[in-house]
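Those protein sequence lines, which keep their order, are chains U and P.
Position one of the first sequence corresponds to residue 1 (the numbering used here), numbered consecutively onward.
Position one of the second sequence corresponds to residue 1001 (the numbering used here), numbered consecutively onward.
Treat the hints loosely; a few may be bogus.
Derived BS3-like pairs: lysine-lysine, alpha-carbon spacing no greater than 30 Å straight-line [said to hold, decoys possible]: (1) LYS1238(P) x LYS84(U); (2) LYS1238(P) x LYS1171(P); (3) LYS1263(P) x LYS136(U); (4) LYS1231(P) x LYS231(U); (5) LYS1206(P) x LYS146(U); (6) LYS1399(P) x LYS36(U); (7) LYS136(U) x LYS1237(P); (8) LYS1263(P) x LYS84(U).
Listed next, the stretches of chain P that the computed footprint assigns to chain U, with coverage defined by at least 3 CB atoms under 8 Å from CB atoms of chain U [said to hold, decoys possible]: (9) 1083-1090; (10) 1217-1228; (11) 1264-1276.
So the derived label-pair ranges between C-beta atoms look like this [as the list claims (entries may be wrong)]: (12) SER297(U) x LYS1339(P): 44 to 52 Å; (13) PHE375(U) x LYS1237(P): 47 to 55 Å; (14) GLY56(U) x LYS1237(P): 41 to 49 Å; (15) VAL1187(P) x LEU160(U): 50 to 58 Å; (16) ALA162(U) x LYS1206(P): 54 to 62 Å; (17) PHE515(U) x GLU1208(P): 26 to 34 Å; (18) GLU1342(P) x LEU337(U): 54 to 62 Å; (19) ALA399(U) x VAL1187(P): 39 to 47 Å.
For the record, the hints were derived by calculation from the structure and aren't laboratory data.
Built from N, CA and C at the ideal position, the CB exists for glycine as well.
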Amino acid sequence: MGKFHDRILALAVAIGLIVSAAGFAHAGPYEDALEKLTTDDYADTADAVTAVATSGNSLAAPLIAALQDGRLQFSAKDKKVFIKTADDKLIDAATGKPADGAVPDDLDTVRVNNRLRGVIDAANGALTLMAPDAAKRYESAQAVFKSRDAAVLPAVEKALEAEKIPRVKKVLTEARAAILLGAEDTTPADKVAAINIIRDRGDQDSLALIEGLPADTPAEVRAAAAAASAKIQRNLALWNTVQNLWYGLSLGSVLLLAAIGLAITFGVMGVINMAHGEMVMLGAYVTYVVQDVIRTSYPGLFDYSLAIALPLAFLFSAAVGIAIERSVIRFLYGRPLETLLATWGISLVLQQAVRVAFGPTNKEVGNPSWMSGAFDLGGILITYNRMWIILFTAIVFAALLAMLRFTRLGLEMRAVTQNRQMAAAVGIRTARIDALTFGLGSGIAGLAGVALSQIDNVSPNLGQGYIIDSFMVVVFGGVGNLWGTLVGALTLGIANKFLEPFAGAVLAKIAILVFIILFIQKRPRGMFALKGRAIEA
Amino acid sequence: MFTSNHTAARRPTARKWLAATAGFAFAVTGAISSAQAQDTIKVGVLHSLSGTMAISETTLKDTVLFMIDEQNKKGGVNGKKLEAVVVDPASNWPLFAEKARELIAKNKVAVVFGCWTSVSRKSVLPVFKELNSILFYPVQYEGEESEYNVFYTGAAPNQQAIPAVDYLMSKDGGSVKRWVLAGTDYVYPRTTNKILEAYLKSKGVKQEDIMINYTPFGHSDWQTIVSDIKKFGSAGKKTAVVSTINGDANVPFYKELGNQGVKATDIPVVAFSVGEEELAGLDTKPLIGHLAAWNYFESIKSPANAEFIKKWQAFTKNPKRTTNDPMEATVIGFNMWVKAVEKVKTTDATKVIDALPGITTPNLTGGTSTMLPNHHITKPVFVGEIKGDGQFDVVWKTKGLVPGDAWTDFLPGSKDLESDWVKLKCGNYNTVTKKCGGQAS
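Generate coordinates for the entire structure from the input sequences, incorporating the hints supplied.
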């Protein structure tokens, strides 16, 4: 029954089309494909996408874009498909005209799954190969390289002829080679040529392509493939080392950022501050609050949210730090055990306070656009968020160093920590300096929180994950020495990342811990120990 | 409605002394409080409200309170109102046992809803056995257990992990040939991955096509692992990641996936511990298409689910509050317990436990779940893809309900074991030696 009814309907639609819009006169592959979009079946949708993409209809590109964004609607009852535009207007996909009045009431979105997304990407790649925007053409060519759909070959050849920009042309050539390599009717000589082009690309995807050749490939092609694969692997192994270094640098910078505040409170002042992690956590929550306000009131400012959050997080964490110092820690100077227990208690109080105020679940802190995504540098992929965090850490470290070295406050801080009595004797208000130093350490922890909110959970437990690592870095680097903290953090980060590929994340962590324990046995004061009488006080 | 609690005494002598004192106090203040005690049926809630697990467990506490509220609106159970006794085991495993003892011995609760991690469940087992009480455990777990006093309303491995892998092997799932099993380093991922590895091998997957990776709790630097996964995935065969990564480590994991550009169309990740709640802390746009396997999704359209979500959001006074799979398991467990108590007209633990197998109750996705003799339940299995709005779009489901299997058929130590508390009265009956008390692997 369905079939006959469908035919009649299709005929009716076709006749309607002839009458209404002469431009789309006959029921071609495009119109047939549209009908398949109304069955709510993934396999049918996939067929339809391929048919639409190769139909040459001018509506094909907007239709596929709509499908990709979940803006394509269908009515199962009327067998009609509509494109929803960005401003929520419906366009009849068959005619390209606005669907005024005649909108069926059973509209539903055409659903996509992963397999379909692959098909759509490929179709899109083929459709936008001739796009006026060079960046878009580049992306399309990359998509074709990945999908290597043989049906796209003519489009690639056409685009290749027209292409002027070398960067895009290169990818197009590679895409063409990828298709030829996969096609069954390519001659062995052409296949070898294709392999050489792909070899020069030299990345993981190329390796996959070459390694994935079927078993019945001719011997000469297989030999070329083996040689190309070996070359790519050598190349990749080299980049692998560079990549591990980069990862280590990135992990080290995160460790440094988390530990640098502790290097002040624990390293310089000698306070075992177990609530340090919670200062980091508070900084992250300040970021969340700032973003929340921006989202609801000033959405245009979102990309500046982190810049706004930084001073606020510093001030807030510093204020909390000063309050803790004035109310608890100052009574416990020189009693490390009590300080440890008291600050541990404070950390639990702060965690639970945040849990009560914001709920126990993770809070969403978005990445501004300039912190999302990645770019290729040679053979490694550099993610923007990690790169900015490394830069940010370097700036914070330099600023802190300059502050301690060149400002009056810095001078007084150093004086108080080196010899309290003497500093008091020359007229420095030591109690005030204590509070400010602790506030500075806490404020820097707050800054760390802003950065860590970009890569980690923003939850009440955020700080706990970093407190042990921070202490490890400070103790390893040498108590009381900022440069020690820097070297310590980077050493641990890089060592961890070079161990991880061999030993796995769990063992790498254990190995580092064991190493530090042994190291402390040998050098109890860490790598860069302060010398002289001051340290004995 | 709440009863506050102090830490229970641990040493037996101290407990006796405490009991004696309590008895004396009871006798003095006597009549009033005992009359009150008989008016209500006490329901224990043993979920962490502080510490690392609070992130997941707090919601389940609220769910039990919500269900009790709903039940009391209907007049309670057997003419008595229900009363919640909430304790906070603070994500501390030994404290779970202590608090369980407190709930059962001191507060005389009729039933306990609680635990999330397997280690917390294992720590309270002896207490429930000794004091003969009932625990409803609402979280998906690794199986390999069936206890007289425990009812498992979450998914066993055959109700989550194995169907998910089946889907990925199917044409619609992408005909995956190469597998990364990534998990947090503790008992649930380790056991699940052992079962999956055996299952994959039984399906003809070779050893070199399986990569197993464990990370510590709360792991936050995923750069190396994500790039390893990318490398493993570019061997020319379709690759998928099966993730048993624990809740907290997931946000940085997915962020790294998004940043390194691992798209679901290239390497899909199917997760067993990521639900609506975990996604709430994430921008899901880069993650569209990654998968999760559960027995319930908030986005499933059914009248029961729509009503539940409406009432839940009204109860929590938060129109955005999400629902998730362990919540549904709690709801099913709660309703089954109510039905059993109404059937035997008492809250006596032994009678209720014996009455529970065979009890049926509608689940929220439009089917009817049954409590099986092995103390697991029947549930449908869904695979959902992450959408841009933090919800899931169901792309696949099992044809009918899947009965929970306590002992997996894919591990040598447990394939001969069978659990049946009705006929065999045994949780680990060995079908080869015909003896109860077979070896758990």
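Status of the hints after comparison with the structure:
1. In summary, the hint linking LYS1238(P) to LYS84(U) is not supported, as the alpha carbons are separated by about 33 Å, beyond the 30 Å threshold.
2. For a cut-off of 30 Å, the pair hint linking LYS1238(P) to LYS1171(P) stands: about 11 Å separates their Cα positions.
3. With a C-alpha separation of about 18 Å, the suggested pairing of LYS1263(P) with LYS136(U) holds against the 30 Å cut-off.
4. Our distance criterion of 30 Å between C-alpha atoms is met by LYS1231(P) and LYS231(U), whose separation comes to about 16 Å.
5. Distance hint between LYS1206(P) and LYS146(U) is fulfilled; the C-alpha atoms sit about 25 Å from each other, no more than 30 Å.
6. Under the criterion of a C-alpha separation no larger than 30 Å, the hint pairing LYS1399(P) with LYS36(U) is consistent with the structure, at around 24 Å.
7. Among the hinted pairs, LYS136(U) with LYS1237(P) is consistent with the structure: their alpha-carbon atoms are about 28 Å apart, no more than 30 Å.
8. A hinted pair counts as satisfied when its Cα atoms are at most 30 Å apart, and LYS1263(P) with LYS84(U) qualifies at roughly 25 Å.
9. Note: the segment 1083-1090 of chain P has 0 residues with beta-carbon separation from chain U under 8 Å; the three-residue rule is not met and the coverage is violated.
10. With 9 residues carrying a beta carbon less than 8 Å from a beta carbon of chain U, the segment 1217-1228 of chain P meets the three-residue requirement, and the given coverage holds.
11. Using a Cβ-Cβ cut-off of 8 Å, 4 residues of the segment 1264-1276 of chain P lie near chain U, which meets the minimum of three, so the contact claim holds.
12. Between SER297(U) and LYS1339(P) the beta carbon distance is about 50 Å. The supplied range of 44 to 52 Å therefore holds.
13. For PHE375(U) and LYS1237(P), the Cβ-Cβ distance of about 28 Å falls outside the hinted range of 47 to 55 Å, so the restraint is violated.
14. About 35 Å separates the C-beta atoms of GLY56(U) and LYS1237(P), a value inconsistent with the hinted range of 41 to 49 Å.
15. Evaluation of the 50 to 58 Å hint for VAL1187(P) and LEU160(U) yields a pass: the beta carbon distance comes to about 56 Å.
16. Checked against the hint of 54 to 62 Å, the C-beta distance between ALA162(U) and LYS1206(P) comes to roughly 45 Å, which is inconsistent with it.
17. Distance hint check for PHE515(U) and GLU1208(P): the Cβ-Cβ separation is about 32 Å, which falls inside the suggested range of 26 to 34 Å.
18. For the pair GLU1342(P) and LEU337(U), the beta carbons lie near 57 Å from each other, so the given range of 54 to 62 Å is met.
19. Between ALA399(U) and VAL1187(P) the beta carbon distance is about 46 Å. The supplied range of 39 to 47 Å therefore holds.
In the structure shown, a violation is registered for the earlier hints numbered 1, 9, 13, 14 and 16, in ascending order.
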